[in-house]
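Peer 1: Residue numbers (our numbering), protein chains in the order written: chain P, 1 to 347; chain H, 1 to 347; chain Z, 1 to 347; chain Y, 1 to 347.
Accuracy of the hints is not assured; some may be wrong.
One copy or two, either will do: identical chains are not told apart, so a pair holds if it fits within one copy or between any two.
Claimed, not checked - EDC-like mimics (lysine to aspartate or glutamate), calculated; alpha carbons at most 20 Å apart, straight line:
1) K316 - D59
2) K71 - D81
3) K90 - D173
4) K149 - E113
5) K71 - E217
6) K120 - E76
7) K7 - D80
8) K196 - E144
9) K196 - D171
10) K262 - E231
Everything labelled a hint here was simulated from the structure, so no lab data went into it.
Protein chains: 4
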Amino acid sequence: MIVVMRKKASDESVGRIVTKIQELGFQAHVSKGVERSIIGVIGGVDDKTKIENLANLSDVESVVPIMKKYKLASREFHPDDSVINIRGLKIGGDNFVVVAGPCSVESREQLLESAEIVKKYGAVFLRGGAFKPRTSPYSFQGLEELGLKILAEARETYGLPIVTEIMNPRDIDLVAEYTDVLQVGARNIQNFSLLKELGRVRKPILLKRGMMTTIEEWLMSAEYVMAGGNEEIVLCERGIRTFETASRNTLDLSAVPILKEKTHLPVIVDPSHAVGYWQFVSPLAKAAVAAGADGIMVEVHPRPEEALSDGGQSLKPERFDRMMQELKPFITAAGKRMVSLDEKSNA
Amino acid sequence: MIVVMRKKASDESVGRIVTKIQELGFQAHVSKGVERSIIGVIGGVDDKTKIENLANLSDVESVVPIMKKYKLASREFHPDDSVINIRGLKIGGDNFVVVAGPCSVESREQLLESAEIVKKYGAVFLRGGAFKPRTSPYSFQGLEELGLKILAEARETYGLPIVTEIMNPRDIDLVAEYTDVLQVGARNIQNFSLLKELGRVRKPILLKRGMMTTIEEWLMSAEYVMAGGNEEIVLCERGIRTFETASRNTLDLSAVPILKEKTHLPVIVDPSHAVGYWQFVSPLAKAAVAAGADGIMVEVHPRPEEALSDGGQSLKPERFDRMMQELKPFITAAGKRMVSLDEKSNA
Amino acid sequence: MIVVMRKKASDESVGRIVTKIQELGFQAHVSKGVERSIIGVIGGVDDKTKIENLANLSDVESVVPIMKKYKLASREFHPDDSVINIRGLKIGGDNFVVVAGPCSVESREQLLESAEIVKKYGAVFLRGGAFKPRTSPYSFQGLEELGLKILAEARETYGLPIVTEIMNPRDIDLVAEYTDVLQVGARNIQNFSLLKELGRVRKPILLKRGMMTTIEEWLMSAEYVMAGGNEEIVLCERGIRTFETASRNTLDLSAVPILKEKTHLPVIVDPSHAVGYWQFVSPLAKAAVAAGADGIMVEVHPRPEEALSDGGQSLKPERFDRMMQELKPFITAAGKRMVSLDEKSNA
Amino acid sequence: MIVVMRKKASDESVGRIVTKIQELGFQAHVSKGVERSIIGVIGGVDDKTKIENLANLSDVESVVPIMKKYKLASREFHPDDSVINIRGLKIGGDNFVVVAGPCSVESREQLLESAEIVKKYGAVFLRGGAFKPRTSPYSFQGLEELGLKILAEARETYGLPIVTEIMNPRDIDLVAEYTDVLQVGARNIQNFSLLKELGRVRKPILLKRGMMTTIEEWLMSAEYVMAGGNEEIVLCERGIRTFETASRNTLDLSAVPILKEKTHLPVIVDPSHAVGYWQFVSPLAKAAVAAGADGIMVEVHPRPEEALSDGGQSLKPERFDRMMQELKPFITAAGKRMVSLDEKSNA
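Kindly produce the complete structure, drawing on both the sequences and the hints.
Peer 2: This is the structure we're talking about:
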């Protein structure tokens, strides 16, 4: 932390702040300038709140944070890429995974058909929501436990590990019983109660970025889960909210290389929710590969025009097929390898 | 909903979409223009998802929603202002309430001292967090049940009804037992699991706007609680996230008159969290009054420089006193009356 | 400036950066922490670009600016409020001014009628655009010189000084010949060529905030004009661009008290362009007063439904009348006085 | 346009609006719903302002625009990709161009050295600013005409066509005399006076997106230049302003496929200004290729740590070399070909 003194602050005033900093258990280093003094605050790595509060004292102009607040998630703490192994399928390192499926589990038929399609064209994880966070209480809210059972059946039939969303801490045991990966949606990225409880789950967490979450806050949310004891986190960029309305959200692909510098956790990209229109999903999936992502998550629906949610952004089967073909040379160019179901262990 | 056809769409193509709309149980009205046709979609008030999915069909350029999605929260449904009565203190209508207190309950002494101060200068509700949503898992997380007990003691001692935050659905019964108003924080505004469960609580809910939440989404979140059976909602504007960094968030006072047109629910304003620096709280509190707010919620701490959270935005006692004095002529000018504790019933 | 070193940076590496800083003509103060070192950079008040470039060197994690970049506009440089005198009417200090009129000068009749109305109900400046910045090249672009002549005629007839927009540096002499105040629109706030040339004009400049402009950048734009020799600047908050679509832009009233702390320049508020709908103009005008603004600028049109631009946000005459009546107690509560035309000098 | 009536609007009221629409020269098609009526407005392709103003009438809830406002820039008007030929080098279609060079022309030596480097590693256009838009009036403002002369010398020596910025309409003839492409910077994207005057220039315009400009507004700015007679426009995505601070701006790569659908104009990407840190430029350049861009513009400086502007985001020569090597397989995967100087004509 840096405490910046006001221009007019006297030496006495600076001294009073230094004493205060020392009383709080930190060390203070004063740099006296021609115009104003600044005080470097060292030590006390955990809770800097007390230093931030110094902004309330007279003659203090501002308090500037310098240090990162996350540790377990940081690359400094863990320099090598984390590779997460899910039933033999690896996420992270030089592996590239495709997660695909419909937005919601709508029926047994729809989900099994979706699973067959996404497997056929090369996806290795099946996505589908059983508990759906919908803006309106009057919209379809998901099939809940029935949806989980259908997902489990699809996994058994097609051999695809599944990814599904968890919303309520009360449902953690139920969802964890069925799924391979628990997804935290964008709207729950700072639902700290949920994150804390996920820290004690022994399954990987897919942590989607919030629409208004900075990269640092996102890593702090990962840190919540990790601090609770669960270090298997996959980050998923899915667009942030901006003024632009031509896309549903603004996919922030800069986040991929920035995260790669800051953290060891794998990073995948969901272009479907980000852009909101199916015709832009394929170019953005390729861009995600090129930016260095460890995988993509896309929406595929057998008949998008009949979907109960997010039909407008879902790929039809033949479009998903074409995208998967077109992705290959980009994955090679990026120095990665597409993970295939053959690698799946029978564990 | 309006379906806008592409420029080149043939009559046949328009006919196919009309048939599709009718099959989905809606009526279609075609307006054929020189350049392109548009189709008005009428009926089927609840789930419009299937119409939105038509954007996936060829020759459809876009699907434009027209109707509001909330009902119980809308002024059309309930033309008069809702007035919520909490132990005889009214929120809404021509009443103006001041909610004040520290960000967190830090200790029995700190809270009782805070309660005494805010009561002395005219606040009628005491705020204070027992469960704290903190960005970092390593920051102070609140005193939890002990904090609730301290709040209840302060209510008993000073007669101020209390407002405190609920984060985890598991804690609803516990928190509801102690508090008069349950606050949903900005980060949980689209925590639909929590909102649904709050629908069955029989105490008022203070619903803070999310940093990323549009006014329409915010009203949809109110609708979630109301659809569950709890219609006592107070909305609280607390700033949205923008590119500006001179304030912590950007207080959106336009939201006040806009909400007053769209909804019958009371609207209060939290300038402390919005702007993030104590010296700007008083002018923004006055501006909230002038914009038509039904109250304000401000942070007051006996010694802000020692606060465990948000000290930089907390008012010292004497500054809170001065603000309360200065607010009065603005409340009169706005045609409102400041609610005082004398109105409290002993119910 | 603060240079933050990477965690792993050796003492040698820190020493190399210190040498570099000294070579560039600055002083360096090292604070060595347990985890990493930070270097305070002192001196060389003007162009810090060379220090910012140090971010390019290995072992440097980031470079954090500390100092404000504006001087002439800062309150530190000029502690008292600037009061600008335009034909005897004062802006700044405890004066409150109302600028009103139509968005565009559409015809002689429309403007003279507008002038009569706004004068009747208490405005002291007449606004109206002769050169219009329109998003579409096919929209009405303004009456140009004819519009300026009509404005001048209205001033002569009704005695209201006029405010009109300047867009092209080539038109400065022409516009300055007719107008009392030159307005720089939101889209030209970082048109530095225009700002530089306005520095040599001897008439006040009304500088509207850009939709994308931080408060600091806005003050830097004021500094451009002031550095050129023209210190008569009035700042005008008019809303920033955010994700919210219920209002046209998001009026940032926090900017008013923040500017009052940072600068001595007068600050007025334009609620009409900010919110974009006439029915929200009056509550936001009151809020602007309460937040501490030195005046407001509002759109008034004799027949808004016939306006060639921005009709949806214009007040009808009777609504302007009512707003002016309602504003009075707020102006009094804010400790200001409404400036009236009686104060106009005949200079 | 669609006019949405309020819920309570009577048939008579709807009839009155229909008459009004017809009087304004448009046709009206009423769709009467159970809850409310909507009116489709057809005809009168150019200025819809008068219809927008209907929002001011009682019983009208809102007016919803449907049609695109740009024509010459639209793909509907010109279905094939525009390919712009600059001294034999093509931009658009299946061509991929690299524009590189320093932010500013700082000296003859610096620019000639830069030109040699960027040519050596495969760039085909040299960029460099002679007139610099700097946030501070006290920062280096560019070498102006001397800078233009140095750029021209570099073109003569190394055969690279040049791209340089135009800020002031007064300088158009001067800049056009020296440069091959005139760049309009992000801050001037809605400087309509400048855009209009560029319509009569006979050289291509590189139009950078503004930090807060929607894709539609950007295309309207292109339309300004095209409506003036100059149809040679290259669009350049350079990041938009969002709440995220880990990157300087947020590169919006979704804009690339969205633009490719809406317009025939070539689209290039500037990752350097967008992200603001050199280490993220290469991954984002690759992502731009994959998203379908027609080229990139990157900052390269012989010694970034000495740059007078934007040193932190400039690539060193060897990093530029490596990026150019790494880009090649992505360009192939995208079905494009890298344009080389061998294709340059001697015209």
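Peer 1: Are the hints correct? Go through all of them and say.
Peer 2: Hints, one by one, checked against the model:
1. For the identical chains of this complex, K316 and D59 are inter-copy neighbours only, at 16 Å across copies versus 63 Å inside a copy, given an alpha-carbon limit of 20 Å.
2. Within a single copy, K71 and D81 get their C-alpha atoms as close as 15 Å, which meets the 20 Å cut-off; across copies the closest is 47 Å, which misses it.
3. Taking CA atoms no more than 20 Å apart as the test, K90 paired with D173 passes in neither setting, with 24 Å inside one copy and 42 Å between copies.
4. Proximity of K149 to E113 under the C-alpha cut-off of 20 Å is restricted to the intra-copy arrangement: shortest distance 15 Å within a copy versus 54 Å between copies.
5. For a Cα distance limit of 20 Å, the shortest separation of K71 from E217 inside one copy, 13 Å, qualifies, whereas the shortest one across copies, 34 Å, does not.
6. When the C-alpha separation of K120 and E76 is checked against a cutoff of 20 Å, the pair qualifies neither within a copy, at 40 Å, nor between copies, at 37 Å.
7. In this assembly of identical chains, the alpha carbons of K7 and D80 lie at most 20 Å apart only when taken from different copies (16 Å versus 45 Å within one copy).
8. In this assembly of identical chains, K196 and E144 lie within 20 Å of each other by CA distance solely across copies; the values are 15 Å between and 22 Å within a copy.
9. Taking the shortest Cα distances, K196 and D171 sit within 20 Å of each other both inside one copy (14 Å) and across copies (14 Å).
10. Taking identical chains as interchangeable, the C-alpha atoms of K262 and E231 lie at most 20 Å apart only when both belong to the same chain, with a minimum of 16 Å there against 44 Å between chains.
Violated hints, listed in ascending order, are 3, 6; each of the other numbered hints is respected by the structure.
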